[in-house]
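Below, each chain spelled out in residue letters.
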Amino acid sequence: MSLFTIFKISSQGMTVQRERLETAAANLANAQSTRTSEGGPYRRRDVVLETTAVQAENTFSDAASTSLFADTQSGAAQGVRVGTEMAPPDQFIRRFEPGHPDADADGYVKLPDVDPLEETVNMISAARSFEANATAFNTAKELARATLKLGEA
Amino acid sequence: MEAPGLDRITSLLTQFLDVHSRRAQIVAGNLANADTPGFQAQELDFSAYLQQATDEALTPGSTGGALEQTPQVVAQTNRVSGLDGNNVDTGQEMAALSNAGMNYLTGTTMLQSRIRTLRMAIREGR
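Listed in order, the protein sequences are those of chains A and B. If you read the first sequence in the numbering used here, its first letter stands for residue 1, the second for the next number, and so on. If you read the second sequence in the numbering used here, its first letter stands for residue 1001, the second for the next number, and so on.
Just so you know, the hints here were simulated from the structure itself, not pulled from any lab data. Since we're looking at a predicted model, the values are computed, not measured. Just so you know, even glycine gets a beta-carbon here, dropped at the ideal spot from N, CA and C. Just so you know, not all the hints are guaranteed correct.
[What the hints assert, rightly or not] Take a look, some chain A residues computed to stay more than 10 Å from chain B by CB distance:
no.	residue
1	Ile6
2	Ser33
3	Pro88
4	Ile93
5	Glu119
6	Glu142
[To be verified] Per the computed footprint, the stretches of chain A lying under chain B, defined by three or more beta-carbons under 8 Å from a beta-carbon of chain B, are:
no.	segment
7	78-85
8	125-136
9	144-152
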C-alpha cells in the first residue's frame, strides 16, 4: 500500500536532511581545526544526495492484482540516500600567522576550506527540507488513521 | 479492472483511494529528493484516462467508470530546473500533498457512509 511506502520515503528524507545538518555543524565546529588524528588540518565534509528506488511491499490487493499500481515498472517509488565526501587533502586556506604552533617554515598555517556562510545556508536549507518531509509523514499518518476508522463505521 | 466481490461504488472508491495514496507517495518522493542534484519531479499522467473519460461522456447512456489503464508516472516537464538540474518546487508539492490528502479523506468518508448503508441493510434498518 502506497501509504506505508510514504513512511519509508519520508523517513529516508528526514535521515538525509539530518545528515546534512550534522555535516554543516561538524564543518562549522572544525572551521579552525588545524590538527586531526590522521594528521593535517580538518578536511571539509560534503554530503552527496542520490535518488534510490524504494521497493513497495507486496500487498493483498497486489496479490489479487486488482490494485491500479500492481505493475512494478511504474510502481517503484523514489527514495533518497546520502553519502559523505571529504574535500581533497590539498584543498586548504593558507593564512599568514607566524606565531601559530602549526605554522610552516614560511609562517603560513593551513586552515580547513570551510565557508561559514555556505554552511549556514546549508543548515537552513536542511532544516526546511526536514520540515517538508515531516509534514509528508504526518499527512500519511492522518490518511492511514482515516483508513483504519473505516471499520468503525 | 473492478475488484471481484465488491459492488460498483465500493470498487470505484477503492480505486479512488489507490490513485490518491499513489499521488501522495509521489509527492513524498519529490519532497525527499528536493535537494538531490539532477532530480526531476514526478507526477501521475492522467492524459490517457482523460481521453477515455471524454469518450465515455460523449456516449449516450454511459455513467463513466473505472480506470481502464494504469496512470503512468512521468517526469514533470513544465517546471524550471535550478542550477543543479533539480526542478522540485516545494510550494507546489506541499499543495499537491494537501490536495491528495483531502481527496483521500473524501474517499474514506464516502466509503465509510457506504459501509454504514450496507450495515443498516444487514441489520434491517436497526
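Structure-based check of all given hints:
| no. | hint | verdict |
| --- | --- | --- |
| 1 | Ile6 | violated (4 Å) |
| 2 | Ser33 | holds (26 Å) |
| 3 | Pro88 | holds (19 Å) |
| 4 | Ile93 | holds (25 Å) |
| 5 | Glu119 | holds (15 Å) |
| 6 | Glu142 | violated (7 Å) |
| 7 | 78-85 | holds (count 3) |
| 8 | 125-136 | holds (count 8) |
| 9 | 144-152 | holds (count 4) |
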